[in-house]
Amino acid sequence: MDDLREQVELLESKANLSTSIQDIQKAIDLLTTARAKIAADPHTAPITLAKLQSPFKQALKQANDDLKPVYSSLGKYGKALDKKFKDKPLPTAENDALSSHPQLINRAIAMHLLREGQFSVASTFIDEASRNPPHPEPTASTPNPYLNESWEKDLATGTFNSQELQLQFAEMYHILHELRQNRNLGPAIAWARQRSDTLEARGSNLEFELCRLQFVCLYAGRDDDDIMDESAGGPLRAWAYARSEFGPFQGRYAREVQQLMGAMAYWENIMDSPYRRYFYNGSAWEDVAASFTREFCSLLGLSADSPLYIAATAGAIALPTLLKLQNIMKEKRTEWTTQNELPVEIPLPPAYHFHSIFVCPVSKEQSTDQNPPMMMPCGHVIAQESLEKLSKGARFKCPYCPTESHPHEAKKVFL
Amino acid sequence: MAELTTTKLNAESHLLLDQPLLRLPYELSRRTFKNAQRYIEHANKELPPLLTSALQSASKTSSPAPTLESLDTLISKLTSTKRKLEALRSEEQKLNASTAARIAHLDALFSVPSLVDVKYDEWSRTRLVRLLVDYLLREGYAGAAEKLAQERGVEELVDVDAFVACHRIERSLRVQRSTGLALAWCKEHAQGLRRLGSMLEFQLRLQQYIELVRMGHEGGGGREGMEGVENGDEGDGGVEVDMRDGGGGFGGVNEKLVEARAHAKKYLSASGDFDLMNRVGGLLAFRPWDEVEPYKSLYSPDRWTHLAALFLSTHHTLYSLPSRPLLHIALSAGLSALKTPSCHSAYASSSGNASSTTTTVCPICSTELNELARNVPYAHHTKSIVENDPVVLPNGRVYGRERLGVYNELVGETEGWVRDPVGGRGERWKLKEVRKVFIM
Numbered sequence: 001m002d003d004l005r006e007q008v009e010l011l012e013s014k015a016n017l018s019t020s021i022q023d024i025q026k027a028i029d030l031l032t033t034a035r036a037k038i039a040a041d042p043h044t045a046p047i048t049l050a051k052l053q054s055p056f057k058q059a060l061k062q063a064n065d066d067l068k069p070v071y072s073s074l075g076k077y078g079k080a081l082d083k084k085f086k087d088k089p090l091p092t093a094e095n096d097a098l099s100s101h102p103q104l105i106n107r108a109i110a111m112h113l114l115r116e117g118q119f120s121v122a123s124t125f126i127d128e129a130s131r132n133p134p135h136p137e138p139t140a141s142t143p144n145p146y147l148n149e150s151w152e153k154d155l156a157t158g159t160f161n162s163q164e165l166q167l168q169f170a171e172m173y174h175i176l177h178e179l180r181q182n183r184n185l186g187p188a189i190a191w192a193r194q195r196s197d198t199l200e201a202r203g204s205n206l207e208f209e210l211c212r213l214q215f216v217c218l219y220a221g222r223d224d225d226d227i228m229d230e231s232a233g234g235p236l237r238a239w240a241y242a243r244s245e246f247g248p249f250q251g252r253y254a255r256e257v258q259q260l261m262g263a264m265a266y267w268e269n270i271m272d273s274p275y276r277r278y279f280y281n282g283s284a285w286e287d288v289a290a291s292f293t294r295e296f297c298s299l300l301g302l303s304a305d306s307p308l309y310i311a312a313t314a315g316a317i318a319l320p321t322l323l324k325l326q327n328i329m330k331e332k333r334t335e336w337t338t339q340n341e342l343p344v345e346i347p348l349p350p351a352y353h354f355h356s357i358f359v360c361p362v363s364k365e366q367s368t369d370q371n372p373p374m375m376m377p378c379g380h381v382i383a384q385e386s387l388e389k390l391s392k393g394a395r396f397k398c399p400y401c402p403t404e405s406h407p408h409e410a411k412k413v414f415l
Numbered sequence: 001m002a003e004l005t006t007t008k009l010n011a012e013s014h015l016l017l018d019q020p021l022l023r024l025p026y027e028l029s030r031r032t033f034k035n036a037q038r039y040i041e042h043a044n045k046e047l048p049p050l051l052t053s054a055l056q057s058a059s060k061t062s063s064p065a066p067t068l069e070s071l072d073t074l075i076s077k078l079t080s081t082k083r084k085l086e087a088l089r090s091e092e093q094k095l096n097a098s099t100a101a102r103i104a105h106l107d108a109l110f111s112v113p114s115l116v117d118v119k120y121d122e123w124s125r126t127r128l129v130r131l132l133v134d135y136l137l138r139e140g141y142a143g144a145a146e147k148l149a150q151e152r153g154v155e156e157l158v159d160v161d162a163f164v165a166c167h168r169i170e171r172s173l174r175v176q177r178s179t180g181l182a183l184a185w186c187k188e189h190a191q192g193l194r195r196l197g198s199m200l201e202f203q204l205r206l207q208q209y210i211e212l213v214r215m216g217h218e219g220g221g222g223r224e225g226m227e228g229v230e231n232g233d234e235g236d237g238g239v240e241v242d243m244r245d246g247g248g249g250f251g252g253v254n255e256k257l258v259e260a261r262a263h264a265k266k267y268l269s270a271s272g273d274f275d276l277m278n279r280v281g282g283l284l285a286f287r288p289w290d291e292v293e294p295y296k297s298l299y300s301p302d303r304w305t306h307l308a309a310l311f312l313s314t315h316h317t318l319y320s321l322p323s324r325p326l327l328h329i330a331l332s333a334g335l336s337a338l339k340t341p342s343c344h345s346a347y348a349s350s351s352g353n354a355s356s357t358t359t360t361v362c363p364i365c366s367t368e369l370n371e372l373a374r375n376v377p378y379a380h381h382t383k384s385i386v387e388n389d390p391v392v393l394p395n396g397r398v399y400g401r402e403r404l405g406v407y408n409e410l411v412g413e414t415e416g417w418v419r420d421p422v423g424g425r426g427e428r429w430k431l432k433e434v435r436k437v438f439i440m
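In order, the protein sequences belong to chains H and S. Counted from 1, the first sequence has number 383 at position 383 by my numbering; the numbering is strictly sequential. Counted from 1, the second sequence has number 434 at position 434 by my numbering; the numbering is strictly sequential.
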């Protein structure tokens with residue numbers, strides 16, 4: 001990168017068009033001086049003009065010569081660029097599996113923009129995209145793009161035309177804005193309370209976390225106008241809040257509620273009390289906002305981080321490996337035979353593993369719906385096909401321990 | 001065996017997607033330079049002789065008026081050259097600044113220690129915006145592209161202007177069916193196109209010819225000449241065309257057809273493709289409504305779409321832009337790398353689902369990408385990846401013991417009992433029914 005940068009700096013500082021422009025200006029100056037002289041004294045015209053010939057030519061030639069450093073600098077920069085990307089070919093269409101589904105891509109982008117809160121970009125995009133629908137192009141796996149297949153169209157236009165998603169994300173951003181900027185828990189609590197049952201089934205304690213934060217706010221009297229150094233106004237308000245709101249939490253969060261109540265006793269010196277962590281937790285607001293976003297997206301069936309972002313990043317990480325594979329295949333003139341599965345393992349950071357993966361220790365194949373993992377009575381798991389091959393329908397020994405069992409006793413498991 | 005996971009970042013090989021980022025401004029810089037060179041060369045060739053002739057005429061006459069006039073002409077010509085150069089200079093400045101910004105952006109990647117670093121996350125988000133803007137521009141959604149670039153502050157890293165110009169030309173071919181803009185573009189890039197051996201200009205000229213012939217056949221109704229068609233000299237046809245009258249309703253030689261023949265002589269005859277030349281000649285005899293191949297397809301309006309596509313591909317090759325949007329390339333690779341058989345399974349996965357707080361939704365299962373990923377291959381794994389200390393519930397679902405515990409605590413399940421995180425408040429079992437499972 002350094003030599004590229006050097007070359008560009010050189011281009012900008014020295015090797016640019018400004019010297020040539022100066023030369024042209026010099027030629028213009030020569031002409032204007034001569035013109036003034038001739039206008040003042042017409043008799044000097046022949047001699048002035050004769051004297052002008054060679055400097056004028058010179059000035060123009062200079063303008064041309066001064067282009068040379070620009071030319072050579074550009075050339076050097078070009079070479080540096082070639083060198084930098086020598087072993088990095090431009091990605092080809094072979095790697096492209098998506099051109100046949102432009103509507104789906106557009107939908108994914110629209111959803112991405114909405115979830116990122118870029119509503120005006122999203123609406124411009126949706127508007128432009130519906131006026132100029134994209135054209136599918138054939139790809140290796142889908143030589144005949146099926147734009148006319150109705151499910152894809154419905155799927156794509158369904159989201160495009162409905163304002164619902166936009167409204168939902170607008171609500172999410174409204175709540176987040178209230179949380180982060182205005183420190184107002186009201187809308188978030190209202191949202192959580194409406195979905196109390198669903199959230200509880202998910203094992204989410206968002207509602208309680210929000211209410212607890214509200215309690216803490218009231219306790220600290222943060223949003224209050226009058227100074228309450230000696231009065232217990234804050235804690236009293238918090239107490240009142242707890243009495244009216246904490247009822248439903250008694251079952252699941254009895255301990256937490258007790259602790260919050262215990263804090264009442266320390267209202268004068270909460271800083272030194274064991275309850276300090278509840279009241280002086282700097283990241284509390286961000287934590288609540290993050291867990292709100294997560295729950296909100298999950299309830300819509302969406303991942304908390306933009307899938308487009310995760311997939312594009314994973315793609316960039318995977319590309320070097322895939323490129324290597326492509327080169328090897330080209331060299332050996334082989335085709336990869338398993339259409340459903342990539343032929344190489346792509347190393348990704350652990351955060352990019354979302355599902356558990358079961359690879360049968362016998363056949364080394366990944367489990368699928370057709371070949372699910374089966375647990376034998378001993379607790380070892382192998383793929384169904386391996387099980388059938390090993391047992392041939394009769395009692396057999398587990399390949400990993402001495403236990404014998406009948407294939408009927410094996411049980412399908414879900415990872 | 002390959003490593004299962006990696007957090008190592010190899011910045012050098014990570015730049016696979018980023019070549020166009022530097023290539024395009026470089027090609028644009030070169031074009032700017034070429035234009036400057038042309039202007040200066042032109043001035044060098046044209047102006048000194050003018051000055052010499054001024055000298056000659058000045059020595060002949062005593063009146064200063066003509067001398068002053070010719071000097072004024074020279075001054076105004078040179079001033080206009082200077083103005084043009086200054087415009088190029090400001091373009092050059094802009095390009096240099098954006099190149100510098102791009103190099104700085106790419107360079108930032110080299111100081112990122114690993115793939116799990118926050119800095120990588122930031123960098124990758126900027127890259128996504130770049131890829132999105134690139135995609136939007138390619139699809140012709142310039143308004144959204146510009147807005148997105150502005151809102152995310154990446155104007156320096158994207159090439160809105162270049163793509164807008166490109167799409168104006170593409171649309172002029174596809175929608176307005178006019179060759180003017182495209183031919184002007186060809187003229188400006190003549191050198192590069194020659195190097196590529198591009199047939200674009202020839203195809204455009206051929207289209208002009210076809211349109212002239214069409215107008216001729218349609219009874220000279222269109223008196224308005226086609227823009228972009230220089231008036232070819234009306235000499236005798238060099239292309240030997242058998243003008244046997246196809247039973248048409250035009251008497252004698254139609255004016256437009258003559259023009260078409262002249263056009264063909266001027267622009268098409270040099271191609272050396274005699275087969276094509278025969279067809280070109282035959283076009284004079286067959287009218288657009290005669291359903292005869294191969295003339296029918298030459299007359300077909302589809303040719304405009306084809307020309308538009310040819311222009312786009314020529315443009316992209318000339319500027320070293322990949323033929324498909326980079327977003328497609330990144331996403332295709334990413335979808336495969338992330339996809340697992342569980343993502344399109346008929347059974348709910350125990351992990352990476354939306355049904356409990358203890359796991360995050362898998363991006364491939366998320367609505368945005370699920371259908372897109374249906375046709376890509378899934379990632380290859382040589383080893384199982386499961387949570388620590390896996391246990392199985394009586395219904396066959398496997399969880400890490402810790403996560404199962406956390407979930408049951410969160411939902412406030414009574415001690416000694418467990419619930420399945422998938423399915424919420426469904427069945428519950430005694431804790432002792434939960435069995436250890438061995439996954440190798």
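Simulated from the structure, these hints should not be mistaken for lab results. Every residue, glycine too, gets a C-beta built ideally from N, C-alpha and C. Accuracy of the hints is not assured; some may be wrong.
[Unchecked claim] Subject to a maximum C-alpha distance of 25 Å in a straight line, what follows is the list of computed DSS-like cross-link-like pairs (lysine-lysine):
1) S:Lys-45 with H:Lys-61
2) H:Lys-14 with S:Lys-187
3) H:Lys-324 with H:Lys-88
[To be verified] Residues from chain S that face chain H, not an exhaustive set, calculated with beta carbons under 8 Å:
4) Ala-58
5) Ser-59
6) Glu-86
7) Pro-421
Now for the hints, and whether the structure bears them out:
1. S:Lys-45 with H:Lys-61: Judged against 25 Å, a Cα distance of about 10 Å means the pair holds.
2. H:Lys-14 with S:Lys-187: 30 Å, violated
3. H:Lys-324 with H:Lys-88: Roughly 11 Å between the alpha carbons, so the hint for H:Lys-324 and H:Lys-88 holds.
4. Ala-58: 4 Å, holds
5. Ser-59: 5 Å, holds
6. Glu-86: 6 Å, holds
7. Pro-421: 7 Å, holds
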